[in-house]
Amino acid sequence: MIPPAAFFVLAAVLFVLGVIAFFVKKDLLTQFMAVEIMLNAGNLAVLALSKASGKADGQALVLFVITVAAAEAVIGLAIIVLVFRQRKSIRTDDLKDLKG
Amino acid sequence: MALTIFVILSALCVGAVAAMIISRNQAYSALFLVLAFACLGGIFGLLDAPFAAVVQVLVYAGAIMVLFLFAIMMFNLRRPEPPERKRVRIVLGTALAVILLGELLLAARRALGTAGAVPPGRDIAHLGRLLFTDNLYAFEITSLLILAALVGALALAGKKEGE
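Chains as they are written, first to last, in our numbering: chain A, 1 to 100; chain B, 1 to 163.
So here's chain B without its partners, still in its complex pose:
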């Protein structure tokens, strides 16, 4: 059962990312990415990480991609991208990517020697305790970082056109 769900979700996810690469319209790209991130949320759920799954759907598929869509609306690009003229770039990029895939798979095979431990369990209380004890400093610094990002984005892009 879990394997079936995994296969469906991963096929949808990879398909959505491929469609995002092929599509010429940025808005469609962003919407395909929403689908891909939602599927990834489901896969996170399969990995016994329900909280990460919820955050993935809420923050990534919800907030970040909506931010991208707003940005696309601001740019208001009427003409779609012209078709690619130089094929060399695509071929070279894909060749490099395939080499990278081979390397990553080799590295993954080596890392898998450690598998077979007890699963971490799904209780959120444990995760919350972990966040607020061992990772307390990181948590607080992250909140500062978000505040800085908010102020920085306002300072960068919040100016009026005429100024």
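So here's chain A without its partners, still in its complex pose:
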């Protein structure tokens, strides 16, 4: 029997690793992957809560989150491809003028 707290700790660690990856990495693609890690950590927490509360609603929510994440990945990658075509680079250092 795994204590529910273990899943929360794992979800928190994964989320924080995603945050670190987002800050440490300097190209759009890897930062986008970091966002996916954070989404997955959230999913894990929702599933852990779903099991702890004894309802299956959390599983349905996770399915929706995964579907929306897929749509978001498609659009995000399309935007990154556009940026690469305009600037010939996806390093955030080369995109500093985007900050306005």
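No lab work stands behind these hints, which were simulated from the structure alone. Everything numeric in this text was worked out from a predicted model, so none of it was measured. Just to be clear, a hint being listed does not mean it is correct.
To be verified - Quick partial rundown of chain A residues pointing at chain B, CB under 7 Å, derived from the structure: (1) VAL19; (2) LEU29; (3) GLY42; (4) ALA56; (5) PHE64; (6) VAL65; (7) ALA71.
Said to hold, decoys possible - Capping the alpha-carbon separation at 27 Å, the derived lysine-lysine pairs in DSS-like fashion look like this: (8) LYS99(A) with LYS88(A); (9) LYS96(A) with LYS26(A); (10) LYS26(A) with LYS88(A); (11) LYS99(A) with LYS26(A); (12) LYS88(A) with LYS159(B); (13) LYS96(A) with LYS159(B).
Using N, Cα and C, we set each Cβ at its ideal position, and we do this for glycine too.
Given chain A, put chain B in place with the hints provided.
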């Protein structure tokens, strides 16, 4: 038994994400992430959510990360990332992240007071009924969203180079 599997899977998952952060090559990062998401799929299975586990492996480890790999192939970045010069950014980011970890763990401890209910059970029929009754609107709107994402991605990135 389940605890052993959980420990192995979570160690693999955290290790793969750490390797993804350390690796300088984007393709390796994406492959490490595939490993991490596959392990997460196993952990979802441990949480009595077999359908979520299958979807996680199929959609995340399969479809989304392959999409990332295709994008990496399109960018065709020959030179790997130069090593980081400014350490301040890494140190600050990590410090902020550690503070966030502390806060999350505090919040999790508070949320755990509700534990101890009956597990939801693993039957997929119940989940399907839930999806198509209580969440029917959300389900249909999601299908519209995916269609919009498909058309949007084509409109954004589908143009030829010369246009």
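*Looking at the structure, which of the earlier hints fail to hold?*
3, 6
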